[in-house]
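Visitor: Take a look at the letters that make up each chain.
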Amino acid sequence: MRIWVPLDAAAKALGADEVAAALAADFTVTRNGTRGMIWLEPLVEVERDGVRYGYGPVEAGDVPGLVEALRSGAAHPLALGPVEELPWMKAQQRLVFARVGVIDPFSVEEYQAHGGLEGLRRAVEIGPEAIVADVTESGLRGRGGAGFPTGIKWKTVAGAQAPRKYIVCNADEGDSGSFADRMLMEGDPLVLIEGMAIAGIAVGAVQGYVYIRSEYPDAIRNMEAAIGKARQAGILGQSVLGSGHVYDMEVRTGAGAYVCGEETSLLNSLEGKRGVVRAKPPIPALEGFLGRPTVVNNVISLASVPWILAHGGAEYAKLGIGRSKGTIPIQIAGNVKYGGLFEAAFGMTLGHIINEIGGGTASGRPVKAAQVGGPLGAYVPHWNFDVPFGYEELGAKDALLGHAGISVFDDTADMLKLARFAMEFCAVESCGKCTPCRIGSIRGVETIDRIAQGDQDGIPILKDLCNTMKWGSLCALGGFAPFPVMSALTHFPDDFSGRGAPRPANTYREAAE
Amino acid sequence: MTSPASDADFLLRLDAIIAAHAGREGPLLPILHDIQAEWGYVPEEAQPVIAGALGMTRAEVYGVVSFYHDFRDHPSGRHVLRLCRAEACQSMGADELADRVRAALGIDFHQTTPDGRLTLEPVFCLGLCACGPSAQMGERLLGRATVEKVQRLVAEAGMGAGA
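So the protein sequences, as listed, match chains A and B. Counting along the first sequence from 1, when you hit position 256 you're at 256 in the working numbering, and nothing is skipped either side. The working numbering runs 1000 ahead of the 1-based position in the second sequence.
Treat each hint with caution, since some may be false.
Chain A is nowhere near these chain B residues, computed Cβ spacing over 10 Å in every case [what the hints assert, rightly or not]:
1) A1016
2) G1023
3) E1038
4) E1060
5) V1064
6) H1069
7) D1073
8) G1106
9) T1112
10) R1117
11) C1125
12) S1134
To give an idea of the chain B side of the interface with chain A (calculated C-beta under 7 Å), a few residues [claimed, not checked]:
13) E1087
14) A1088
15) L1105
16) I1107
17) C1129
18) A1130
19) C1131
20) V1147
Cβ pair distances, simulated, as ranges [unchecked claim]:
21) A130/A - T1146/B: 48 to 58 Å
22) R1144/B - E129/A: 31 to 41 Å
23) V67/A - G1158/B: 48 to 58 Å
24) R1117/B - A162/A: 46 to 56 Å
Source of the hints: derived by calculation from the structure; they are not laboratory data. Every residue gets a Cβ at the ideal spot worked out from N, C-alpha and C, and that includes glycine.
Start from the sequences and build out the full structure, keeping to the hints where you can.
Guide: And the structure:
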């Protein structure tokens, strides 16, 4: 009997290591990634006759009883039935996360048994030009937030003449509410390696870097281990899968600067400089790492490529809506009953995601708003939840997709406090290069404090300031920090008015009861 | 506390770290991470040595060390407890948790307990956003953190360190 206990950081934070250690006394335990159902973690899986049965959430204290039940075949109160049959799993279309939670993340053999390396093999077969054409046809756009078409970026780098080119994976996933990159790197690191190798062949790059934030020690460790396995298996090195193409890669660790998620700032950091934003042009595709042509893509963008190559760009483009093609790993987080990762084609409404899939709030109170796309994303009020999940669709509501993380808030949320936090965060994390961001964010905090003291004259000043930051900042940090602030102010003006004295935190609770 | 630079083998250990990254593209951050792993912070005395080895000015190296939140210019406590302050955790009561933890430990963020055992730091997202509020101490992660769970974590670490 084979037993799985996730090694994912979220599962570990809920006690998976203790559960695995307790089970190891009686069984051989394989550590897998998480299935993404975080409310069921630690989720123990047991394979019987080729079907995997789930038990969760399991605490270390539950293990003796569970062992007993597994031995005797008796029923157990934490039994969930076959994992693949759970409604959360069945409702998904897992292309990128197909293997996460299923396989041993470090087994090249299991990776291949579940479709791994098919994309890279086909890439080797069809060659650089056809790879770029396929990725372009798929309609894949940057999953880090900017939404730039991946195929066009690759074509630019492929066409650039240089003695050395690079693939840089942006794994500086600093957005609150986002954990797709982490979950993928911990649960199926080989798919990212495969995607980066395909990118390398497509544009003629021989070296890649994965820039992972230091807050993700598990992802760093797992990626490094997987790179070692990939070298042994000939996926990386002097001849990728025996093709003659040279491609190798390594992990680089960030140092706690949120702004390094911005691509030019990341490149400076990788070069060993302050993570200060560069003015564009020149674009990184032509002058990137060390001034050479560089593909900078997000983890999920690169990890989508193996599926696209294996099944064809046209197949991928059949999914989604409008200009948002394919699937998107939605991260449902914050105050939500069923939080986790849900991969589906673009197009579901935000309300469906939060209320049906997420089951509403964890607190049981009404949903007030959801912040979509991290600390620079707008607060979407509950009455706008009919917006379909897509780049342009969210944009039309003055919101943004970002990294597709959703943080849910119940009706006790104080929108002024959250707006203040957005400005404060921008002030702390500003790289300091441009004035609207560096100074504007500090003035923003001060102005919101004035409003909190009851000074309504601060409101037009705050709006004006947001406008200056939005249009005058060099990058998305200062440019998008106004989104959470303005959305909070526009949709919840009551939270910004009548504040002579700081309100008690439970105002909403009283109003609702 | 005396500076590690007064240790007889300081330069030897520093040179070994720098040499280990020779030939890498953009070696400064990996070097600084290793230095911090070795001494717990980046001693000021190391900066001119790094600058010389990499062909940079002292000001450039100082600029990098001071830019990143991770690099310390003084040692932390023996353990560093990090509480997530980001939005997803806020929606689950991270601010209240932070207030209670600060009161329980008797220190504010960026401060160390008088016995030098524990430093409290804020962190902006550990990627545990579906099981907030979250905390981290060394290798240990905590989801759905409460002040009781945090105190238990601190107590266990204290015993582990023999304190």
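Visitor: Determine for every hint whether it applies to the structure shown.
Guide: Hints, verified against the model:
Separation of A1016/B from chain A is adequate, the least Cβ-Cβ distance of about 19 Å exceeding the 10 Å criterion. For G1023/B, the condition that its CB be more than 10 Å from all CB atoms of chain A holds, with the nearest at approximately 12 Å. Every C-beta of chain A lies more than 10 Å from that of E1038/B, the closest at about 15 Å, which supports listing it as non-interface. A cut-off of 10 Å between C-beta atoms contradicts the statement that E1060/B is not in contact with chain A; the least separation is 8 Å.
Chain A draws V1064/B into its interface by the beta-carbon criterion, the shortest separation being 6 Å against a cut-off of 10 Å. Non-interface call for H1069/B relative to chain A: violated, since the shortest CB-CB distance, roughly 4 Å, does not exceed 10 Å. At roughly 13 Å, the least C-beta separation between D1073/B and chain A is larger than 10 Å, which holds for a residue marked as non-interface. Distance to chain A confirms G1106/B as a non-interface residue, since its nearest Cβ pair spans about 24 Å, more than 10 Å.
The claim that T1112/B is not at the interface with chain A holds, since no C-beta of that chain comes within 10 Å of its own (minimum 18 Å). Once the 10 Å rule is applied to beta carbons, R1117/B is consistent with being away from chain A; the minimum gap is 21 Å. In this structure C1125/B is not separated from chain A by more than 10 Å, as the shortest Cβ-Cβ distance comes to only about 5 Å. Here S1134/B does not stay apart from chain A, with its beta-carbon only about 6 Å from theirs, under the 10 Å limit.
Among the interface hints, the one on E1087/B holds; its C-beta lies about 4 Å from the nearest C-beta in chain A, closer than the 7 Å criterion. Hint status for A1088/B: holds, given a least beta-carbon distance of 4 Å to chain A, under 7 Å. Against a cut-off of 7 Å between C-beta atoms, the interface hint on L1105/B is violated, since the closest Cβ of chain A lies about 20 Å away. Interface restraint check for I1107/B: the shortest CB-CB distance to chain A comes to about 20 Å, outside 7 Å, so the restraint is violated.
About 4 Å separates the beta-carbon of C1129/B from the nearest beta-carbon of chain A, less than 7 Å, and the hint is met. At its closest, the beta carbon of A1130/B sits 3 Å from a beta carbon of chain A; the interface hint therefore holds under the 7 Å criterion. Taking 7 Å as the C-beta cut-off, the interface hint given for C1131/B holds, the closest approach to chain A being about 5 Å. For V1147/B, the interface hint is violated, the least distance from its beta-carbon to any beta-carbon of chain A being 16 Å, above 7 Å.
The hint said 48 to 58 Å for the Cβ distance between A130/A and T1146/B, and at roughly 55 Å that hint holds. In this structure the hint that R1144/B and E129/A lie 31 to 41 Å apart at CB is violated, the actual value being about 51 Å. Range check, V67/A to G1158/B: about 32 Å between beta-carbon atoms, so the 48 to 58 Å window is missed. The beta-carbon spacing between R1117/B and A162/A, approximately 52 Å, falls within the hinted interval of 46 to 56 Å.
Hints 4, 5, 6, 11, 12, 15, 16, 20, 22, 23 from the earlier list are contradicted by this structure; the remaining hints agree with it.
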